[in-house]
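A.B. asks: What follows is the residue order along each chain.
Protein chains: 2
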Amino acid sequence: MNINQVTQQVLRRHHRRNNHAPDHSSAAVVERSGASLKGLVLGPQHLIVSNMEGEIYVYSMASVFEEALKKCSESQPKDELCPERCAKRGRGELQGCDAEPITPKRLRLRIQTNCDTELVSALRELVGIPSVSADKRLQDECFRSAKFIARQLEILGAEVKMAQEVRNPVVIGRLGRKPDVPTVTFYGHYDVQPALEDGWRTNGTSDNKGPVLGFLFAVKELMESCAAEGKELPINCAFCFEGEEENGSHGFAATLEANQHWFSGTEVVLVSNTLWIGETRPCLTYALRGLICLDVGVTGLKRDLHSGNDGGVFNEPMVDLVNVIGTLVDGRNSILVPGFSEDIEEHHRDRKILEIIDRSGEFNLDDYREYLGVPSLLERRSASDLLYERWCAPSLSIVDIRAGDTANEEILPECYRFGPTRFSVIPHRAVGKVSIRFVPKQRPENLISCIKIHLQHEFAKLRSSNKLEITVRNIGDWWEADTDSRLFKAAERAVEREWNLEPLHVREGGTMPMIATLEKTLRAPAIMLPFGQASNNPHLANERIRGVNLLRGKNVVRNFLEELVDLRK
Amino acid sequence: MNINQVTQQVLRRHHRRNNHAPDHSSAAVVERSGASLKGLVLGPQHLIVSNMEGEIYVYSMASVFEEALKKCSESQPKDELCPERCAKRGRGELQGCDAEPITPKRLRLRIQTNCDTELVSALRELVGIPSVSADKRLQDECFRSAKFIARQLEILGAEVKMAQEVRNPVVIGRLGRKPDVPTVTFYGHYDVQPALEDGWRTNGTSDNKGPVLGFLFAVKELMESCAAEGKELPINCAFCFEGEEENGSHGFAATLEANQHWFSGTEVVLVSNTLWIGETRPCLTYALRGLICLDVGVTGLKRDLHSGNDGGVFNEPMVDLVNVIGTLVDGRNSILVPGFSEDIEEHHRDRKILEIIDRSGEFNLDDYREYLGVPSLLERRSASDLLYERWCAPSLSIVDIRAGDTANEEILPECYRFGPTRFSVIPHRAVGKVSIRFVPKQRPENLISCIKIHLQHEFAKLRSSNKLEITVRNIGDWWEADTDSRLFKAAERAVEREWNLEPLHVREGGTMPMIATLEKTLRAPAIMLPFGQASNNPHLANERIRGVNLLRGKNVVRNFLEELVDLRK
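As they're listed, the protein sequences go chains H and R. Heads up: the first sequence begins at 58 in my numbering, then just goes up one per residue. Heads up: the second sequence begins at 58 in my numbering, then just goes up one per residue.
Keep in mind that the hints are not guaranteed to be accurate.
As the list makes no split between identical chains, a pair holds if one copy fits it or if it spans any two.
As a list, the in silico EDC-like pairs of lysine to aspartate or glutamate whose alpha-carbon atoms are at most 16 Å apart [stated by the list, open to error]:
hint	residue 1	residue 2
1	Lys498	Glu403
2	Lys498	Asp407
3	Lys204	Glu182
4	Lys498	Asp539
5	Lys288	Asp237
6	Lys359	Glu427
7	Lys518	Asp387
8	Lys546	Glu324
9	Lys359	Asp424
10	Lys626	Asp237
Keep in mind that the hints were calculated from the coordinates and are not lab data.
Please construct the entire structure, taking both the sequences and the accompanying hints into account.
C.D. replies: Structural data, given as structure tokens:
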């Protein structure tokens, strides 16, 4: 039985079943036929078959893709998403049902379309799993997410390990160990911040489940395209997807260290956990700020006390805390800690890059202010001044203050013990949560030391009998890429090929502590390929990703892998 | 069948049932007998019968009382509780089983012992109902508490009304409308602050369920003693027990106003919602501080924002709040608001009273410091200096600061939305909760005005684009008694008769806004008869009342009613 006969058999079965799509049973027929097939790729919703003679038959059920597409891109015109596919619409439910032979270029597009479908479908499924790493009650959900990723890796043909050092496992995978091809390590995370909204547009679409699946389907697409041409995947891939990124990446560095052989030969670490500067111009991220998380706690009382019965004759922890924590930063967001700004350098490269962004029109102060929903921005001369502040200057936020038992980090407080009437209760303890973003070349140990000395000094001024405790909850270092490297240039070409636009170079105010760990442990530089738009709202209730960005982001990754191969030529 | 025959029948039944106590069925026998009885009082755990000839038979099951007693006074020697009863111990399980006739004086003691038993038992039942008014989910429990009190009033023979103006009903009762006897209005509340501990020593024992039941059983005891002597109760009683005291007394003033006829003729309002200064000397409270509850909120952002992505370029509500709220009070607990202290007068009477307290040894700084569990007290020259500060000077506490959605007063926050990792989230809103205690002759409107002007001035200095909102959540005025009045002197005698000790005159730092309302509406002065010790911890997790204080507190109230009657002679 040759491929045409198999295909005919599949089609006959299909037509008998009243125009339903080929399904697993159809695929099973193909498999059972024992025909010498090449480039047979099976998925739950599509079937691609190419024979040894180069005749290609593609079966794909349009209605499935339509459904996925609807969910994925409500906010944009459909024809943006996949012009090739849209042009074909109206030919009946089953596309390619007439089994026309197509050219290799059109095959590539067909493969891409099918990977798009699968990517959207997989993302829909994955974001349905509320894998909130900070919530211990959702640990099973985190594990479900990890297994989902592991299964996707296995479908790719990768060897997979779930490395569980602390709580949620790191999903490690390896595809190929060919000595003469480049090795790429993909890093991402499957855990998310909690979201209040239902449905698939929940947290994780952008941060970071969308991009993680984008990586996997980029590899799949490249693999299928190569297979269709009778070739093997021209790269080795290593994968490393953690489940504690939103919760301090507990145990990740140790796991990476212990499993280094999985990543042997890594030439570049690919990460997509940043965003574009605006809505339309693709970007490459070349630097991030660092993060220090501090608890500033005041203790001293053995228990809560009554503000009426006893208020006024002892130092109150909350009053002490407010007085001392208020000395960290002023109303202009200037950090008032002596010595804090010593290591900051003015970077001329950044100023030049900011001018390019200014000219691009991708970022303007009014839109940004409106997007943030703040009454006004702090006075800056221009958009690039503001961006410089946002990206290249440190900032200090007091993100929370907790009173009494709710200050206990170990217990997720179920409710305020004294309810809305706690006006009479002086809390025995008060803890302020401080988030500090710092920039190259500031060193976190120095900054922490400056802050401790400053706070202790200010606390001493209060002459309080309470005790000040400063606890470092987390540190993540800043990161900077070498924008002149071959790899960075390859990334630029990968973006340009997909979008026909030169990517803007951007920094970000956020932090990815794991980048430094990855670069150091794997001895390879990281490249950050952001998928999403500035308006994606990572960590917030309405986090989202635009369908176009998801699919084209995947394409950029595929392009980058091809560029890597070309670098070897 | 005469009373002796009935009694014998009860006793025979009792003995047949192997020394078990008389129960409801025994009582039913008595009732069914149709004998002409006087002073028959039935309760689930005891039976008191007195006949027309003055022969008295008292049946009481000691084991029941013992059990209640054990729960009530673990921390103190039992013989303190009821010397008369303890002297009788060892005579067998059933006290008075031998049915000996006793003298009127001993009858009085027996009635007292039985009221003690019932009081402890009733309190155990009432504090088992978690009537937390601040928690809407517990509204049914509040209603159960109200019904419990209403039932107790009905047992007394009072006419009862549940007046429900807003949420939890005010239980109103009236017992007697005789024109020629004094009328006393009892005020108290059946709602409580939440407690974390199980069992009957939960919140409410001291604040205020214990004293409320103490009132009822004082009336009951007086009534029974009078009945035993063939007399009627020589006073009229009005009752007024609210269920929103811990939640701002919503609707109470209006309910009182609308039901004034229930309280007609009120000569004095009796309240017991304060504490002794120490552990052994009974006290009378003659003044309270006022309370202003303020929300100081900073808003401006439409939603929470990411401290990494956007931190540093706009004014953050929490930073603004900390900077502005910190200007209210310094590390020495001095209120820094201009004009705040204008109306405060030094009171020589208070200084003299404080010297008496100093000499009593009831209050010393080391014990107080240790009791509070604070590392040290603010420097004062003496105990009376500290008490002056605690009672006669204003204080300002920052009792809580809430971030983002948890700042919403309407929603009792179930958990922090961003869990322990909210370090990256700049809350869109921050609210500080400020509790201000003020003293005679300060006027709350003036103080609020001073604070608003000061905070707006300090906020303006920040030049922030956010908005400052100051919301008055609650105001309760200070209160002062006329310590030279006939009623106050009567209260002194009532205490002295029970304790053989002159009561100390004390003030308190806490606030009871309803006292002023009651005095004004009923046009009668209030007398505060504290039941409990300084260590009772109202509003806190380990709130308690000592058995002795509960029972003797009830006796003081009974004595006071008798003193009131004597004032008329």
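A.B. asks: Hint by hint, note whether the structure agrees.
C.D. replies: Here is how each hint holds up against the structure:
Taking the closest pair of Cα atoms, Lys498 and Glu403 come within 16 Å of each other only inside a single copy of the chain (10 Å); across copies the shortest separation is 60 Å, beyond that limit. For the identical chains of this complex, Lys498 and Asp407 are intra-copy neighbours only, at 14 Å inside a copy versus 63 Å across copies, given an alpha-carbon limit of 16 Å. Within a single copy, Lys204 and Glu182 get their C-alpha atoms as close as 12 Å, which meets the 16 Å cut-off; across copies the closest is 53 Å, which misses it. Proximity of Lys498 to Asp539 under the C-alpha cut-off of 16 Å is restricted to the intra-copy arrangement: shortest distance 15 Å within a copy versus 71 Å between copies.
With identical chains, the CA atoms of Lys288 and Asp237 are at most 16 Å apart within one copy only, with a shortest distance of 15 Å there and 112 Å across copies. Taking CA atoms no more than 16 Å apart as the test, Lys359 paired with Glu427 passes between copies only; the shortest distance there is 10 Å, against 46 Å inside one copy. In this assembly of identical chains, Lys518 and Asp387 lie within 16 Å of each other by CA distance solely across copies; the values are 10 Å between and 18 Å within a copy. Within a single copy, Lys546 and Glu324 get their C-alpha atoms as close as 14 Å, which meets the 16 Å cut-off; across copies the closest is 93 Å, which misses it.
Proximity of Lys359 and Asp424 under a CA criterion of 16 Å is satisfied inter-copy only: 14 Å between copies versus 50 Å inside one chain copy. In the homo-oligomer, the alpha carbons of Lys626 and Asp237 lie at most 16 Å apart inside one protomer (11 Å), although the nearest pairing across protomers, at 115 Å, exceeds that limit.
Checked against the numbered hints listed earlier, the structure breaks none of them; every hint is satisfied.
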